[in-house]
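Starting from the given sequences, assemble the full structure and let the hints guide the process.
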Amino acid sequence: MERPRLIREDGLRHDGRRPDELRPVKVSVGVLNKASGSALVEYGATKVLAAVHGPREIPLRHLLLPDRAIIRCRYHMLTFSTHERKSPVPSRREIELSKVIRESLEPVVMTEMFPRAAIDVFIEVINADGGTRTASVTAASLALADAGIPMRDIVVGVAVGKVNGVLVLDIDEVEDMFGEADMPVAVAPSLGMVTLLQLNGVLTREEFAEALKLALRGASQIYGIAREALRSNYMKVRVEE
Amino acid sequence: MSHTPSTDMVTPKLKLMTVVNMLKKGTRSTGRGLLDFRQIEIVPGYVPNADGSALVRLGNTVVVAGVKLEIGSPYPDTPNEGALVVSAEFMPTASPTFEPGPPDENAIELARVVDRALRELKAIDLSKLAIVPGRKAWVVYVDIYVLDHDGNLVDASSIASLAALMNTYLPKVEVDEAGNIKVDKSSKVAPLPINHKVLTVTISKVENVLFVDPDLEEESVAETKLIVAVSDDGRIAGLQKSGSGGLTEAEVSAAVDIAIKIGSGLIDLVTSKMLKQS
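Chains as they are written, first to last, in the numbering used here: chain C, 1 to 241; chain D, 242 to 519.
In short, the hints are calculated from the structure, not lab data.
Please note: incorrect hints may appear among the correct ones.
What the hints assert, rightly or not - Capping the alpha-carbon separation at 25 angstroms, the derived lysine to any residue pairs in SDA-like fashion look like this: (1) K213(C) / A495(D); (2) K363(D) / V174(C); (3) K426(D) / A495(D); (4) K86(C) / V380(D); (5) K309(D) / R92(C); (6) K363(D) / P320(D); (7) K309(D) / T512(D).
In this text the structure is predicted, and so the values were computed from the model without any measurement.
Given below as structure tokens:
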């Protein structure tokens with residue numbers, strides 16, 4: 001791929017967005033039939049499906065905890081979700097992301113209400129155009145909420161990047177590939193808690209402070225969309241009844 | 242699939258409560274402060290057959306990192322550069338809870354965090370590692386083995402990796418007209434070109450207390466931690482929140498400040514120890 005001009009002369013990004021502008025965010029909840037809860041989340045061309053099964057018993061009894069439920073999480077990319085075919089063998093990246101996504105959800109799920117049970121979160125990246133892990137966090141927490149699992153808050157994710165020296169919100173694949181830094185963040189806005197934070201790249205202390213502020217602003221916008229999607233889903237159910 | 246870990250080691254609740262209460266009072270069992278590291282010992286060149294190595298003792302945690310240089314093909318997108326590959330294994334010697342087998346998610350995460358810090362900062366000058374531009378280049382393998390686990394494996398591993406890389410020398414290479422490459426590993430011609438030094442400082446959190454370099458008991462009470470990679474010019478070269486809890490925005494900010502402050506001192510300490518022993 002040729003390196004495109006990431007910040008145009010008019011100060012806008014290669015796709016015409018302002019630096020602090022999200023891609024169009026689409027959220028639908030309760031999209032699957034058999035799962036306890038599900039959500040489909042799109043950030044621009046990035047498309048992620050999450051399904052939750054449980055709380056339920058699992059045959060692997062030795063994994064279970066006596067005082068709370070365990071959360072099991074798999075972040076997985078479909079083979080055709082990327083430019084080059086992704087090998088179906090689990091990659092080191094997928095293993096790491098499964099862990100950090102699970103850890104972003106643990107603080108908000110009231111696992112103590114379901115001792116000796118497992119809550120399973122399956123995340124399928126259908127199309128990858130940057131920000132798949134942050135879209136995954138949003139989708140997973142909405143699927144958990146849709147499953148009726150008690151939670152302290154929902155968690156939403158968004159990435160901030162640095163491209164051509166400019167901090168930009170919700171980076172896409174091109175900006176990730178050719179930019180200088182990628183900082184995925186997930187927050188539980190009502191708790192005021194950061195539950196996922198990674199940085200791939202180099203930032204000064206000042207840039208980091210600004211990047212975190214930008215991420216929190218973006219997250220609160222997504223939080224509004226996510227809450228509305230949840231609410232409208234239940235309004236719909238009420239009308240149908 | 243990643244799942245909530247069961248408690249690694251069975252520790253009496255009373256002991257854990259004592260550890261938490263001490264941390265909340267700003268004290269620790271060994272008498273050090275919340276922002277004090279344990280004693281660091283570095284043995285450069287611990288493995289003579291490696292192209293560079295270091296054994297690091299951080300308190301009772303022991304990590305050995307080794308570097309092997311191999312001739313390989315450069316990546317298509319960087320045809321005139323060498324390559325860096327970092328991996329880590331938690332050995333069964335280190336803890337009764339570590340099983341032999343392929344690296345688990347914790348080892349993979351550790352290796353990837355160390356890898357990203359080195360890579361993003363361009364800590365190693367890979368552009369100087371081409372042998373036949375476009376065709377052959379050095380591949381720098383950094384392999385980390387945790388031998389004894391008493392907490393803070395990430396920081397110990399990042400110190401060991403930095404020390405091992407600083408201990409690495411490029412061997413003599415001759416390329417003849419036919420393009421055959423002859424390597425003489427017995428004669429070392431130059432140190433591995435290093436642009437920047439980098440290591441991680443991990444900030445642990447219990448309730449609202451932030452502290453560094455936990456031993457295993459302190460680590461087992463920590464709710465979460467923020468790994469901060471700090472460069473020798475005081476920039477942030479990587480971040481990773483690891484563990485099940487969360488941090489407030491103020492805690493994140495405080496943790497990053499602490500890490501930058503401690504990190505530069507730690508890099509100086511590692512550098513001076515390496516100079517003294519070479």
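Quick rundown of the hints versus the structure:
With a C-alpha separation of about 15 angstroms, the suggested pairing of K213(C) with A495(D) holds against the 25 angstroms cut-off. Between the alpha carbons of K363(D) and V174(C) the distance comes to roughly 21 angstroms, so the proposed pair stays at or under 25 angstroms and holds. With a C-alpha separation of about 47 angstroms, the suggested pair K426(D) and A495(D) falls outside the 25 angstroms cut-off, and the hint is violated. Our distance criterion of 25 angstroms between C-alpha atoms is met by K86(C) and V380(D), whose separation comes to about 24 angstroms.
Distance hint between K309(D) and R92(C) is fulfilled; the C-alpha atoms sit about 21 angstroms from each other, no more than 25 angstroms. As the CA atoms of K363(D) and P320(D) are separated by approximately 16 angstroms, the hinted pair is consistent with the 25 angstroms bound. For the hint linking K309(D) to T512(D), the alpha-carbon distance of about 21 angstroms falls within 25 angstroms, and the restraint holds.
When the structure is compared with the earlier hints, a violation turns up for hint 3 alone.
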